[in-house]
Amino acid sequence: MSGEASDYQNLVEQILAGVNELSPAGFERLVVDLLIRMGYEVYKNAKHRTSLAAIQGIIVEDRPGYNPIYIQTRKLEPGSIITSWNMQSFGDAIERKAGRGLLVTNANYSKPAQDYAKEKHIILIDGSILARLMIVHNFCVNVREVVEIKSIDPNAFKDYRI
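Residue numbers (the numbering used here): 1 to 162.
If you're looking for bench data, these hints aren't it; they were derived computationally from the structure. Just to be clear, a hint being listed does not mean it is correct.
Subject to a maximum C-alpha distance of 20 angstroms in a straight line, what follows is the list of computed PhoX-like cross-link-like pairs (lysine-lysine) [what the hints assert, rightly or not]:
{"id": "1", "residue 1": "Lys120", "residue 2": "Lys97"}
{"id": "2", "residue 1": "Lys44", "residue 2": "Lys75"}
{"id": "3", "residue 1": "Lys97", "residue 2": "Lys118"}
{"id": "4", "residue 1": "Lys97", "residue 2": "Lys44"}
The task is simple: from the sequences and hints, build the whole structure.
Pasting the structure below:
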């Protein structure tokens, strides 16, 4: 089992290395494409701005669009930390829209940033979570082998015995 765990961690590290080589615009495209792969309806903001308050996309959770989630990506140098101070402009922007936010980075978040995000209804995805989502949704990875071994569920027919 430890070999599988180290293989998985190695894959996570390889993904992060690839992500860290992207430009900020390439990182933004990667995040939007991953969200689409995950089944979300995503609208990219036509006005590309680079300010810390810029909303780069919107996830629409319902057809009329009453529950938008505003997306922002932050591509930083490896080992960087996003602080609550770095998040305030985005938090203020989504608060003005009475919405929720999704902030995705290749870096990490400080504890105060995580606390601020909870208060402002911002979902945080750091580099490690991003890599794991990419693996789960087969995004930018190859599936080498799939093995299914099935057996009977001993309780499967219990509910059908009348």
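Violating hint indices (sorted, rising):
Violated: none.
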